Amino acid sequence: MSELARSTRTIFWLPLLTGILGIAFVYSLSVGPLTMSFADLIGVFIGQSDDPTQFAVVYKIRLPRTLLAGLVGASLSVAGAAFQAVLRNPLADPYILGVSGGAALGAVTAIWLGFSAALFLPGAAFLGALAALALVYWVAQAHRGSSHTLILSGVIVGSLASALLLFLLWLSPIDQTRAAIFWLTGNLSMAEFRLLSWITPFAVIAFLVLWAESRSLDLFTQGEETAADLGLSIGRARLTIFAAAGIMTASVVSVAGLIGFVGLTVPHIIRLLFGPAHRRLLPASALAGAAFLMFADALSRQLYAPAEIPVGVVTALLGAPFFLYLLRLNRS
Amino acid sequence: MTTKDRSGHFLNNKQTSDLMPHRKKNICIHIVFLAMMGILMGPSVCAEQVVDALGRTVGGESTPQRIVSLVPAMTEILFALEVEDQIVGVTSYCNYPDPAKFKPKIGEYANPNLEILATLNPDLVVMAADASSPELLSRLEGLGISVYIVYPRSVSDTAGLIRSLGRLLEKQPKAEALAATLDETAECVRNLTSDRPRVSVLCTVMSKPLVVAGGNTLLDDMVGIAGGDNVVPEGINRYPTWGIESVLAADPEVILVSPHPGQVDPSAFYRQWPELKAVKNNRLVTIDADWIQRPGPRLVAGLKALAKALHGVSPELVDGRCLN
Numbered sequence: 001m002s003e004l005a006r007s008t009r010t011i012f013w014l015p016l017l018t019g020i021l022g023i024a025f026v027y028s029l030s031v032g033p034l035t036m037s038f039a040d041l042i043g044v045f046i047g048q049s050d051d052p053t054q055f056a057v058v059y060k061i062r063l064p065r066t067l068l069a070g071l072v073g074a075s076l077s078v079a080g081a082a083f084q085a086v087l088r089n090p091l092a093d094p095y096i097l098g099v100s101g102g103a104a105l106g107a108v109t110a111i112w113l114g115f116s117a118a119l120f121l122p123g124a125a126f127l128g129a130l131a132a133l134a135l136v137y138w139v140a141q142a143h144r145g146s147s148h149t150l151i152l153s154g155v156i157v158g159s160l161a162s163a164l165l166l167f168l169l170w171l172s173p174i175d176q177t178r179a180a181i182f183w184l185t186g187n188l189s190m191a192e193f194r195l196l197s198w199i200t201p202f203a204v205i206a207f208l209v210l211w212a213e214s215r216s217l218d219l220f221t222q223g224e225e226t227a228a229d230l231g232l233s234i235g236r237a238r239l240t241i242f243a244a245a246g247i248m249t250a251s252v253v254s255v256a257g258l259i260g261f262v263g264l265t266v267p268h269i270i271r272l273l274f275g276p277a278h279r280r281l282l283p284a285s286a287l288a289g290a291a292f293l294m295f296a297d298a299l300s301r302q303l304y305a306p307a308e309i310p311v312g313v314v315t316a317l318l319g320a321p322f323f324l325y326l327l328r329l330n331r332s
Numbered sequence: 001m002t003t004k005d006r007s008g009h010f011l012n013n014k015q016t017s018d019l020m021p022h023r024k025k026n027i028c029i030h031i032v033f034l035a036m037m038g039i040l041m042g043p044s045v046c047a048e049q050v051v052d053a054l055g056r057t058v059g060g061e062s063t064p065q066r067i068v069s070l071v072p073a074m075t076e077i078l079f080a081l082e083v084e085d086q087i088v089g090v091t092s093y094c095n096y097p098d099p100a101k102f103k104p105k106i107g108e109y110a111n112p113n114l115e116i117l118a119t120l121n122p123d124l125v126v127m128a129a130d131a132s133s134p135e136l137l138s139r140l141e142g143l144g145i146s147v148y149i150v151y152p153r154s155v156s157d158t159a160g161l162i163r164s165l166g167r168l169l170e171k172q173p174k175a176e177a178l179a180a181t182l183d184e185t186a187e188c189v190r191n192l193t194s195d196r197p198r199v200s201v202l203c204t205v206m207s208k209p210l211v212v213a214g215g216n217t218l219l220d221d222m223v224g225i226a227g228g229d230n231v232v233p234e235g236i237n238r239y240p241t242w243g244i245e246s247v248l249a250a251d252p253e254v255i256l257v258s259p260h261p262g263q264v265d266p267s268a269f270y271r272q273w274p275e276l277k278a279v280k281n282n283r284l285v286t287i288d289a290d291w292i293q294r295p296g297p298r299l300v301a302g303l304k305a306l307a308k309a310l311h312g313v314s315p316e317l318v319d320g321r322c323l324n
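In order, the protein sequences belong to chains L and X.
Take the first sequence: its letter number 64 is residue 64 in our numbering, and every next letter is one higher.
Take the second sequence: its letter number 214 is residue 214 in our numbering, and every next letter is one higher.
Derived from the structure by calculation, the hints contain no laboratory data.
This one's a predicted model, so the numbers in the text were calculated from it and none came from an experiment.
One or more hints might be untrue.
As the list claims (entries may be wrong) - Computed list of lysine to any residue pairs in SDA-like fashion (alpha-carbon distance at most 25 angstroms, straight line):
id: 1; chain 1: X; residue 1: K280; chain 2: L; residue 2: M190
id: 2; chain 1: X; residue 1: K105; chain 2: X; residue 2: D130
id: 3; chain 1: X; residue 1: K280; chain 2: L; residue 2: S49
id: 4; chain 1: L; residue 1: K60; chain 2: X; residue 2: A249
id: 5; chain 1: L; residue 1: K60; chain 2: X; residue 2: K280
id: 6; chain 1: X; residue 1: K103; chain 2: X; residue 2: R163
id: 7; chain 1: X; residue 1: K103; chain 2: X; residue 2: L137
id: 8; chain 1: L; residue 1: K60; chain 2: X; residue 2: D251
id: 9; chain 1: X; residue 1: K105; chain 2: X; residue 2: A80
id: 10; chain 1: X; residue 1: K277; chain 2: L; residue 2: T35
id: 11; chain 1: X; residue 1: K105; chain 2: X; residue 2: N95
id: 12; chain 1: X; residue 1: K105; chain 2: L; residue 2: L113
id: 13; chain 1: L; residue 1: K60; chain 2: X; residue 2: V264
id: 14; chain 1: X; residue 1: K280; chain 2: L; residue 2: Y59
id: 15; chain 1: X; residue 1: K101; chain 2: L; residue 2: P173
id: 16; chain 1: X; residue 1: K277; chain 2: L; residue 2: F55
To be verified - Over 10 angstroms on every C-beta distance to chain X, these chain L residues come out as not near it, computed from the model:
id: 17; residue: F12
id: 18; residue: R88
id: 19; residue: P90
id: 20; residue: G123
id: 21; residue: V139
id: 22; residue: T226
id: 23; residue: A237
id: 24; residue: A243
id: 25; residue: A316
id: 26; residue: L318
id: 27; residue: L329
Stated by the list, open to error - Per label pair, the in silico range of CB-to-CB distance:
id: 28; chain 1: X; residue 1: A268; chain 2: L; residue 2: G123; range: 16 to 22 angstroms
id: 29; chain 1: X; residue 1: E135; chain 2: L; residue 2: T226; range: 53 to 59 angstroms
id: 30; chain 1: L; residue 1: Q302; chain 2: X; residue 2: P274; range: 25 to 31 angstroms
id: 31; chain 1: L; residue 1: Y59; chain 2: X; residue 2: G160; range: 48 to 54 angstroms
id: 32; chain 1: L; residue 1: S197; chain 2: X; residue 2: A268; range: 18 to 24 angstroms
id: 33; chain 1: X; residue 1: G160; chain 2: L; residue 2: F38; range: 49 to 55 angstroms
id: 34; chain 1: X; residue 1: P274; chain 2: L; residue 2: T35; range: 20 to 26 angstroms
id: 35; chain 1: X; residue 1: P315; chain 2: L; residue 2: L164; range: 45 to 51 angstroms
id: 36; chain 1: X; residue 1: D85; chain 2: L; residue 2: L164; range: 41 to 47 angstroms
id: 37; chain 1: X; residue 1: S133; chain 2: L; residue 2: T226; range: 52 to 58 angstroms
id: 38; chain 1: L; residue 1: L169; chain 2: X; residue 2: L120; range: 25 to 31 angstroms
id: 39; chain 1: L; residue 1: G22; chain 2: X; residue 2: P134; range: 46 to 52 angstroms
id: 40; chain 1: X; residue 1: T119; chain 2: L; residue 2: G123; range: 42 to 48 angstroms
C-beta: ideal position from N, C-alpha, C; glycine also.
Extracted from the complex, chain L is given alone in its bound form (with noise of 0.2 angstroms):
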């Protein structure tokens, strides 16, 4: 436990996490391109406005954006979380295995075909994702297989994955290619209840799993050679881990794109607080990331309104100087 960590009040985590994610929640309710006050905000929810227009931003826009923005925030980061512990590496995050390539190059392909309509490209991203995962996953053989062999056909598959995707690219009219990079670089404004409920269950059955193997993803931070002295069915953990973490990122990506930064940082913020235990990283780590995405949403939206910045350069913006401190803050 990092000396950060032991100096913080670990007990404090689920009341303290639990009010950022509540502020970031109202916050990000509230900011938006159309004026509206806090009176209004309530009269909308107690269903005492009659402005149609504000309704619909309220129950149409903002609220499925801002549930949207959580449940990303939350699954990259526990995905993270998952993958640092499992690989034994720091710089590991949601995209490692190949991920982010499979699911952008499922993407780009339907654009490319003209199937951007209604939910074909959240399902092509999906399947690239998972075809991606599947091919790491075959070629590493990954119940057996070393972690360093895992990490480098991940590598190896993403970028077969983007040679792929530059070459649609360029084939592309600058129409959809502007279409594409848009998708790229990550963003929420896809937002639709239906999209959630079609993502909703992949990240809480695939959270609730990764929980469960809190022990597992413990005993793999001490090496495999311990864990496996300990007990640990290592194969059996890895697939079922790499499997949760996997589809908990694809299902993300497949409707908001590569939003970065939020996998890699939160984790490790999270285990300079509170300490590395996967008990409560996880769920901290959920916490924190949905609070942390809506906060940067919100932002996006709200710093050169009317237009729109991409999330993904305010999540590095926010994410990086207050990392770089944390690690200052550790080593003195």
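On the provided structure of chain L, position chain X as indicated by the hints.
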């Protein structure tokens, strides 16, 4: 600074022409003199020098005979100026008028194939300031090719551009007629709509992502002339990306949806939002994108279509007032 390369093209910037105001005349006298001596082969007509969108001076020698257009709108202007036979290359987006489709293609406007371009041996390349890179410009200059850069963002820019190209290509009368029609149509549409209440308008460029036209764009100018107010404020980006909430907040009376062929029609996207005034009142307007987004002669048709869409002014009325 003046560079003279082996093939004899002059590329000099504005400063030079300010410092040496008689330069053009001198060259002409020089060329005429050489022609009289029977040394110079080829055309001895002397085209005028014109200043392009970057302030560079172009032309001043013989009239360009081998032109490559990297801009679909400029291809339209060149065809309208009746220099079809001098056009040796166009982009794969140059689809109007029909004969343009059969001209040799040099790729896309952002990154044309330099090898094909050089093989065509052009003596003038027309390219857009915002679509082509400075690197491309310096590569072309390095190959000794004259480059004319255009950056029209309004109807009057477009008319000025037509006149400049007319001077450069020795087609002044034709250019003057085209430009005058455009100017007069704009003036006429402005007069016909000026006493009517302004209509708030959102111009959609594409729907996925939702890209809209902001200030300092041709669309913004066109809408203004036709008695509309663009709801997109002037910002850092001329074509910003918006979320749907911004559209609901601005709630324009008219939404212009002009999909290019092959693009997804944004109407279906907007119809999901019955809260929008424009959807409620059925004022999602589709006008051929090339009539209002391409700074060329077809803006005349675009202006009439906009006047009709925003204020119900019939094209015949515009014609009757302007072409009296």
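Tell me, in ascending order, the numbers of any earlier hints that this structure violates.
none
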